[in-house]
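Q: Kindly produce the complete structure, drawing on both the sequences and the hints.
Line by line, the protein sequences give chains A and B.
Counting from 1, one number per residue, gives the positions in the first sequence under the working numbering.
Counting from 175, one number per residue, gives the positions in the second sequence under the working numbering.
Keep in mind the hints are simulated off the structure, nothing from the lab.
Keep in mind that the hints are not guaranteed to be accurate.
Unchecked claim - Beta-carbon label-pair distances, calculated as ranges:
| id | chain 1 | residue 1 | chain 2 | residue 2 | range |
| --- | --- | --- | --- | --- | --- |
| 1 | A | 115 | B | 427 | 25 to 35 angstroms |
| 2 | B | 403 | A | 52 | 47 to 57 angstroms |
| 3 | B | 338 | A | 20 | 28 to 38 angstroms |
Beta carbons are placed, not taken as given, at the ideal position from N, Cα and C, and that holds for glycine.
Chain residues, written in single-letter form:
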Amino acid sequence: MPKNNTENRLVTWSHLWKVGDNISTDHILPSRFMTQVEPYELAANCMAGCVPQFSSRILQGDVLAAGENLGYGSSREQAPQALKYAGVSAVIAKSFARIFYRNCFNVGIPAIVCPAFVEESSEGDLIEVNLEVGLIYNETLGKSYEFTKPPEFMLTYIKLGGLIPYLEEQMSKA
Amino acid sequence: MGLTITEKIIASKARVKNVSPGQIHDVPVDIAYIHDNNGPIALQQFSRLPKAKVWDPDKVYFVLDHHSPSTTFRAAQHHRNIRDFAKQYGCHLIDVGRGVSHSVMAEDGVPRPGKILVGTDSHSVGLGTFGCLSTGIGSTEMASVLATGKIWLKVPETVKVVLEGKMPFGIGAKDVALLILKHFGPCFLNYMAIEFTGPLLDSLTIEERMTITIMGLEMGVKNALMPVDEKLLTKLGTTRDNEEIITADSDARYISEVHFDVSNLQPMLATPGLPTNGTDVSKAEGTEIQQATLGSCSGAFYHDLEQAARILAGRKVHPGVRFVIVPNSSRVILEAASTGIIQTLMEAGAIISSPSCGTCAGYEVGCLASGEVCISTTTRNMDGRMGAGGKIYLASAYTVAASAVAGHITDPRILLGGEVDA
Ligand code: SF4
Chain A
1 MPKNNTENRL
11 VTWSHLWKVG
21 DNISTDHILP
31 SRFMTQVEPY
41 ELAANCMAGC
51 VPQFSSRILQ
61 GDVLAAGENL
71 GYGSSREQAP
81 QALKYAGVSA
91 VIAKSFARIF
101 YRNCFNVGIP
111 AIVCPAFVEE
121 SSEGDLIEVN
131 LEVGLIYNET
141 LGKSYEFTKP
151 PEFMLTYIKL
161 GGLIPYLEEQ
171 MSKA
Chain B
175 MGLTITEKII
185 ASKARVKNVS
195 PGQIHDVPVD
205 IAYIHDNNGP
215 IALQQFSRLP
225 KAKVWDPDKV
235 YFVLDHHSPS
245 TTFRAAQHHR
255 NIRDFAKQYG
265 CHLIDVGRGV
275 SHSVMAEDGV
285 PRPGKILVGT
295 DSHSVGLGTF
305 GCLSTGIGST
315 EMASVLATGK
325 IWLKVPETVK
335 VVLEGKMPFG
345 IGAKDVALLI
355 LKHFGPCFLN
365 YMAIEFTGPL
375 LDSLTIEERM
385 TITIMGLEMG
395 VKNALMPVDE
405 KLLTKLGTTR
415 DNEEIITADS
425 DARYISEVHF
435 DVSNLQPMLA
445 TPGLPTNGTD
455 VSKAEGTEIQ
465 QATLGSCSGA
475 FYHDLEQAAR
485 ILAGRKVHPG
495 VRFVIVPNSS
505 RVILEAASTG
515 IIQTLMEAGA
525 IISSPSCGTC
535 AGYEVGCLAS
545 GEVCISTTTR
555 NMDGRMGAGG
565 KIYLASAYTV
575 AASAVAGHIT
585 DPRILLGGEV
595 DA
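A: As structure tokens, this is what we get:
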């Protein structure tokens with residue numbers, strides 16, 4: 001498997017995890033964990049509502065694919081944070097719930113809309129995500145999928161690691 | 175081509191003449207409100223900005239409502255940090271005991287027509303009842319709003335929902351909400367704005383309208399709006415001249431227009447799994463329950479307690495059922511106490527808990543054991559919402575109270591002394 005270049009956060013190689021439609025923030029991080037704020041706690045309980053032992057089985061840099069409406073439900077940012085701290089490097093879905101979508105970029109995880117990829121790929125596939133050109137390559141299938149790139153400022157969030165580093169940069173310029 | 179209310183609010187705040195769906199605009203925020211569930215991370219993120227100050231403390235409200243009064247040692251520490259932060263910067267603090275953020279903000283007249291509000295809660299869309307653009311954001315984005323007072327918004331497409339007919343006997347605003355949710359499903363309205371209108375709105379109180387707008391979020395909307403009318407102005411104790419009232423242009427462009435006539439509506443249920451799983455109550459009649467709940471920003475207003483009391487007067491909660499009532503504000507409790515409703519409910523065996531989110535997401539109040547079934551006026555019924563393995567049906571306060579008496583899911587109209595034309 002090719003190595004991830006940690007300097008460039010816009011390209012990642014990884015294995016794929018797959019879940020279905022309407023996976024809510026309650027599935028990703030159930031409300032009983034909502035007083036937790038530390039990265040290790042959030043990581044440990046990631047996907048506790050739908051994928052058993054996710055956090056101990058995921059490999060650093062893996063990608064999560066989902067059906068329609070990923071991140072349905074509450075505004076809880078702990079959900080994408082849990083994914084991030086557990087090691088998920090990107091989420092790809094047929095569609096996203098809007099607050100979850102924004103939250104992903106704000107915490108530094110790219111959220112990619114690509115229905116055809118989700119439809120045809122399976123759990124365990126080896127894939128490459130290239131945000132810079134808007135392409136996902138499924139090596140297991142030997143097939144590429146184009147997606148619409150997010151606006152430039154959102155790509156900058158990902159490059160820098162989220163909205164806060166972006167703001168820090170803006171504020172230091174001001 | 176004219177503009178919808180949402181488009182006009184964004185255009186006026188972004189100081190541009192015209193906007194169209196899909197455009198991204200930076201807009202100033204008029205009010206930001208933050209609760210104790212997402213506040214801790216917002217403060218953590220804010221502290222990563224060494225030079226940051228709160229842009230305008232008078233526009234910032236902290237509400238301690240999710241774990242309230244502090245339900246764990248951990249929550250107590252979060253509350254303390256939030257209180258300290260609010261004091262340090264001079265922000266408003268609504269401490270434990272007042273109720274759920276949306277209800278309290280509404281009671282205090284914070285949302286005003288034409289404004290832009292952001293809350294760290296998805297159900298912030300409910301304040302659109304006040305003719306403003308109110309939407310939910312995450313904690314990191316709130317940290318950014320606290321520092322800059324601005325946010326980027328993509329102009330949403332607007333769907334017009336026209337509510338018509340007369341509320342039938344034994345039907346509540348929650349039934350109307352569940353009907354609309356059933357029609358659109360959980361993601362059909364993702365990223366869109368809803369503009370509610372139609373003659374039915376005239377007959378609904380502001381709180382009943384909030385029941386509907388709050389539930390709008392479960393269809394994925396960015397915001398849900400209702401036009402300003404005399405009833406709303408009276409509630410706010412203001413007049414047209416003092417407010418920034420924005421109306422839709424007569425030639426505004428809506429991506430679609432959907433009419434709902436409620437005249438023949440039967441009591442509704444959302445079956446476990448999704449709030450959009452709407453069906454007639456008759457489809458689950460007889461399902462045994464272990465818990466019945468009045469709760470949440472959308473389902474524990476005075477009118478909900480009053481509806482429950484009409485069913486419970488002179489009756490008893492079934493011995494196999496816990497009937498847990500978590501009013502959404504302290505004023506609801508005070509009002510219900512002064513009209514004798516609290517007495518009626520408690521004499522029947524209901525449990526009254528302190529005003530908070532409480533049972534809505536199993537925040538250490540009214541949780542379910544695996545295999546238990548609950549019928550509830552709360553907002554959501556995803557698996558595990560009130561405890562792993564518990565099942566939740568959503569319904570109106572009438573249906574919840576009637577089921578609490580029967581010990582199983584049942585049509586409330588019989589206990590209300592009416593005919594059932596099923
Ligand atoms: S009552 Fe429920 S839906 Fe409303 S803000 Fe609280 S947790 Fe969210």
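Q: Flag every earlier hint the structure violates by its number, smallest first.
A: none
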